[in-house]
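**Student:** Sequences listed follow chains A and B, in order.
Numbering of the first sequence is given in my numbering, commencing with residue 589 and proceeding in unit increments.
Numbering of the second sequence is given in my numbering, commencing with residue 21 and proceeding in unit increments.
Keep in mind that the hints are not guaranteed to be accurate.
[Said to hold, decoys possible] Derived BS3-like pairs: lysine-lysine, alpha-carbon spacing no greater than 30 Å straight-line:
| hint | chain 1 | residue 1 | chain 2 | residue 2 |
| --- | --- | --- | --- | --- |
| 1 | B | Lys135 | B | Lys106 |
| 2 | A | Lys624 | B | Lys151 |
| 3 | A | Lys605 | A | Lys624 |
| 4 | A | Lys1008 | A | Lys920 |
| 5 | B | Lys106 | B | Lys241 |
| 6 | B | Lys268 | B | Lys106 |
| 7 | B | Lys211 | A | Lys928 |
| 8 | B | Lys239 | B | Lys211 |
| 9 | B | Lys268 | A | Lys928 |
| 10 | A | Lys1008 | B | Lys268 |
| 11 | B | Lys90 | B | Lys239 |
| 12 | A | Lys928 | A | Lys624 |
| 13 | B | Lys106 | B | Lys151 |
| 14 | A | Lys981 | A | Lys920 |
| 15 | B | Lys135 | A | Lys928 |
| 16 | B | Lys188 | B | Lys268 |
| 17 | A | Lys1015 | A | Lys920 |
| 18 | B | Lys211 | A | Lys1015 |
These aren't lab readings, by the way, just hints derived from the structure by calculation.
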Amino acid sequence: MRLVNWLRFLVALWLGKLAGFASRTLGRGGSSLPGKLCLLVDSGSLKRLSGQLKHGSVLVTGTNGKTTTSRVMEDIFRAAGRYVIHNRSGANLLGGVTSTFVDAASLFGRVEADIGLLETDEASIPRVAQEVNPAALVVTNFFRDQLDRFGELAHTVELVRSGLPSVRPGGILVLNADDPLAVSLGRAIPPHINVVYFGLDPNVCSSNEELSPSDAFVCPSCGGGLEYTHRFYSHLGIYRCLSCGFSRPQPDFRLTAMESEGMSGSTLEVVGPEVHPFTLRTALPGLYNAYNVLAGVAAAWSLGVCEEEIRYGVQNSVPSFGRMERVSVGDKWLNIALVKNPTGFNAVLETVASGDGSEGLMLCINDNYADGTDVSWLWDVNFEILAAVRGAKPIVTSGIRAADMAVRLKYAGVDPSRIKVEPDLEKALDMALSWVETGGGLVALPTYTAMLQLREVLRRRGLVRHFRED
Amino acid sequence: MRLQLTLEICHLYPDLMNLYGDRGNVIALWRRCIWRGIEARVTGVSLSSSSDLSQFDILFLGGGQDREQKAICYDFARVKAPQIRKAVEDGTPFLAICGGYQLLGEYYQTGSGEKLPGLGIMDLYTVAGRKRLIGNVVAQSDLAGSGPARLVGFENHSGKTYLGRGVKPLARVLSGYGNNGEDGLEGAVYKNAVGTYLHGALLPKNPWLADWLISQALKRKYGRAEIAPLDDTLELMAQESAARRAAKR
Ligand SMILES: [Zn+2]
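Please take these sequences and the hints and turn them into a complete structure.
**Tutor:** Rendered as structure tokens:
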């Protein structure tokens, strides 16, 4: 009987590996097919593969920042000399996660790694957690993201909550203290889990948004109104509910200071429990990335990595493609940052607008399934900031919904003569670059499928490598 | 001396009922006034506000998630609803989208058959459906009275709305589901109040509807409805791209 199970597992694994080999040969990266096939033949294969990890798995979930947070953690664990496997391609559903293990396993199903870093889609948390029994679950935040697919935000929170019982005994739950929705997960948790909170000190920054997309000004505990004494951005801040007493917990890991150097990164000061304030230098720009770094630091520290290794790991963490990665294009440079929801978009725009305004700007909006088919979220982004600070340089809008983007800019107060609509991404790129001075840069902000297309254009021109698993 | 026209725009529950880029509708009304030299001011009126709604010339109510819709429930029924009803009867232009639209009706019948009372401002009711109706919509409307006008937007609702005799449909669906996916109708009109499932945001992509609301407000306040034309090249381009996407569904 056991032999039958073993054979079934091997067949499943080999089938998965074969599919992985085929898709790589065909030049398609980041596939979830190998994992799907493997699970189809042996539904217990993910449990068997992930169960061999010496230190178990860490699941990273949340609306924004899961890719960057898991990248930061990967760099920290590498600096600590641990052998990490990581689903880097953004294949973050059950199939994609399984593919990562199929790829890492030997022909006889052995997994040698110490730790599995698994960026996991919120909706996939219950299944993935059940299979891998994570040692830690990191929740970055909950924002509105592609409502047409997930339904309501409260439902997303419940999905993640239903994964908590699968966390292994003594495991940790790392939560954003500044996000009331994330904090609501830390209430009434199973007794075998320890909660670790991270958050910002009020002096680090304050929001200057007037009209902002509000996702959670309602108390997640009683449905009453939340009162904020401080807001960092969107619904992240210091809050309490006047009706039931639900309030922001005191964070275990605090960002006590931040010095921003615009698009080139920031210097952060972090304080933890029994840890002296320590300074970190990161190439990841903006406040939203400070949150990602802080989440990664809190998780890594709680899993036993020391200060020196954390500092070294964070310092070596550079933005990946589509996350503010910088690419040279002839004598100019191009910064690409993926945008997928109002909060992330606002954060990137603020970083862009804090520069001297000499860079070009290109906004690429698609409405394919992976982007979210409803473009109405563009109206919750504060493009007004562009009308106020940028000089006379044209702004190029591109992608399937280039015209929607242009209308949004017009109603944000950007002079229509500055708005150039070019739905074709390649033409738009050349047009936008033509307005950039030698040595200057262009910031491109694409939605997911627009980012893949842009990457393909750059690949054809030999500017980035083939789309691999990173 | 030329009279300075002024319009007061009210955004109801901007902090709670703000799903699907609803604030874009308010931005569109405001900008299209400003561009014409009409002075316009937007006031957000939410839970704790005791504002007198009769001082406003245009009212807007967006959609919310269940949780937020519950949060406004009491304040809406006790404080705002009688004022809104009065304003609508008095001919104040009112635009309500999605969840806000459903609230205007007689009742909302849940999946278990329970009937949650609405405001009863419009002769319509909504029944919870099993399937979510999602996607780009193209419809045709005679509202403005100058021949059929195209209306595009995005719908995302599971409630199915049915119109009674006391209201007119806003538009006929050419592509998409509309009110209920059955009778080919979209939205409802009563006096100068308009309810619809279409967001996107709706008004920036359908400038004629924004202008209809503005001119009805001017007619009511100043007795004149003519407004200067604007250059809508970008808006019509966006309308065209939405229509193209709808054709693919
Ligand atoms: Zn409460």
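**Student:** All the hints need checking, so say for each whether the structure fits it.
**Tutor:** Comparing the hints with the structure gives:
1. Lys135(B) with Lys106(B): holds (24 Å)
2. Lys624(A) with Lys151(B): Holds: Lys624(A) and Lys151(B) sit about 27 Å apart, inside 30 Å.
3. Lys605(A) with Lys624(A): holds (11 Å)
4. Lys1008(A) with Lys920(A): Satisfied, since the Cα-Cα distance of roughly 20 Å is no more than 30 Å.
5. Lys106(B) with Lys241(B): holds (16 Å)
6. Lys268(B) with Lys106(B): Status violated; Cα separation ~42 Å.
7. Lys211(B) with Lys928(A): violated (39 Å)
8. Lys239(B) with Lys211(B): OK: Lys239(B) and Lys211(B) at ~13 Å, within 30 Å.
9. Lys268(B) with Lys928(A): holds (23 Å)
10. Lys1008(A) with Lys268(B): holds (26 Å)
11. Lys90(B) with Lys239(B): violated (35 Å)
12. Lys928(A) with Lys624(A): holds (26 Å)
13. Lys106(B) with Lys151(B): violated (35 Å)
14. Lys981(A) with Lys920(A): holds (16 Å)
15. Lys135(B) with Lys928(A): violated (37 Å)
16. Lys188(B) with Lys268(B): holds (29 Å)
17. Lys1015(A) with Lys920(A): Answer holds: Lys1015(A) to Lys920(A) is near 17 Å, not above 30 Å.
18. Lys211(B) with Lys1015(A): violated (48 Å)
Checked against the numbered hints listed earlier, the structure breaks hints 6, 7, 11, 13, 15, 18; every other hint is satisfied.
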